[in-house]
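S.K.: Counting from 1, one number per residue, gives the positions in the sequence shown under my numbering.
Read the hints as simulated data drawn from the structure, not as lab findings.
Among these hints, one or two may not hold up.
With a straight-line Cα cutoff of 20 Å, these simulated DMTMM-like cross-link-like pairs (lysine to aspartate or glutamate) come out [what the hints assert, rightly or not]:
1. K94 - D104
2. K33 - E54
3. K94 - E44
4. K197 - D211
5. K115 - E164
6. K128 - D151
7. K136 - D151
What follows is a set of in silico ranges between Cβ atoms, one per label pair, in the way DEER data are often shown [said to hold, decoys possible]:
8. T50 - V181: 42 to 50 Å
9. N124 - K208: 19 to 27 Å
10. T67 - G195: 46 to 54 Å
Built from N, CA and C at the ideal position, the CB exists for glycine as well.
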Amino acid sequence: MPVRTLILLLGLVASPISALAEDAADLGPMLDKIRKGSPAECVEVLKKLTPGKEERAAKPIAIRLVTETDAQAREELRAALAAYKGAVLVQAVKTGFETKGVTDDFRLMLLELLKDEKSETAVNLVGKVAFESEMKAVREAGQKALVAYGDAAVKCAMSWLHAEQKIATEAVGVLQAIDTVEAGKALAWCMADGGEKELNRILKITSKTRDDAVTAMIAMGDEAVPGLLAGLDNLLTQKWSSYVLQKISGEFYTQKDKAGWLGWWKRHQAEKAGK
C-alpha cells in the first residue's frame, strides 16, 4: 500500500476519535455551568445541548433540578431531562432522587418523568415516592402511578406489605386497584392462618394486613380466584382462601374440596363467556 494512501486511511480513523475527544472537552465547561452556573448560564447551556443526546449531562441536570428555584431554569432543566429515555433517564432521576434536599416537587416530577419507564429500577423509585413520602397527597400520587404500571408494579407493591401498618394497608389498596390476576396472587399470599405472632414469624405481616387483603380480594372478585385456588394446596392458606372463595362465589365448598372449587370456576368462566 502506498504511504500516501496509508496516511489518508489513518487520518480517517483518527478523525472521529479526535472529534469525540474534542466534544468531550467542550462538554466539560458546559457541565460545570449546569452544576454551578447562574440560572441564566444554566439555561444558555441547556439550549445548546442536543435534546436527549449528551448522556453525560443527564445526571448533572437531574441534580441541579432538585434544588433550582428559578422558574425558567427549572422548566428548561425539566424539559432537558425529559428528553432522555430508558436507562439514561432512569439512572439520572435516581441520582437526583438520592440527592440531599430532594423536595416533594421533585418527587412529583419524578412520577411524570418515569410514567413510561417500566424497568424494575424505575418502578421501585415510584414505589419509594408512593410509600415513603411524608405528605399523603404525594404518596397518593405515587400510588396512582404504580396502579398505572399494572402488573409491572405488583412485585414492588407486594414488598411494602411488610411495612408499618399504615403503609401496608396502602400497599394492599394499590394491589386491589391494579386488579389483575397477578395482583390477586400477591394478595393471596397473605391468606395465612394463625394469630399475630405466627403471621409475623412466617410472613412478616400483621393480622390487619391479612384482613385488609381479605376485603380487597372479595372486592376484586374473579381476578382474585386463581391465587385463591392455588392457596387451597397449602395447609397454611387453605382456610382463608376457602373463606374468600365462598364470599366471591356464594358457594360453600370446603377448604379440602378443591375439585368442587375447580368445578365451580370452570362453570363460572363458561357462563361469563356465554357458553
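S.K.: The structure should be examined with respect to each hint, and the outcome stated for every one.
M.R.: To see whether the hints hold, each was checked on the structure:
no.: 1; hint: K94 - D104; verdict: holds (14 Å)
no.: 2; hint: K33 - E54; verdict: holds (15 Å)
no.: 3; hint: K94 - E44; verdict: violated (25 Å)
no.: 4; hint: K197 - D211; verdict: holds (15 Å)
no.: 5; hint: K115 - E164; verdict: violated (27 Å)
no.: 6; hint: K128 - D151; verdict: holds (17 Å)
no.: 7; hint: K136 - D151; verdict: violated (24 Å)
no.: 8; hint: T50 - V181: 42 to 50 Å; verdict: holds (44 Å)
no.: 9; hint: N124 - K208: 19 to 27 Å; verdict: holds (25 Å)
no.: 10; hint: T67 - G195: 46 to 54 Å; verdict: holds (49 Å)
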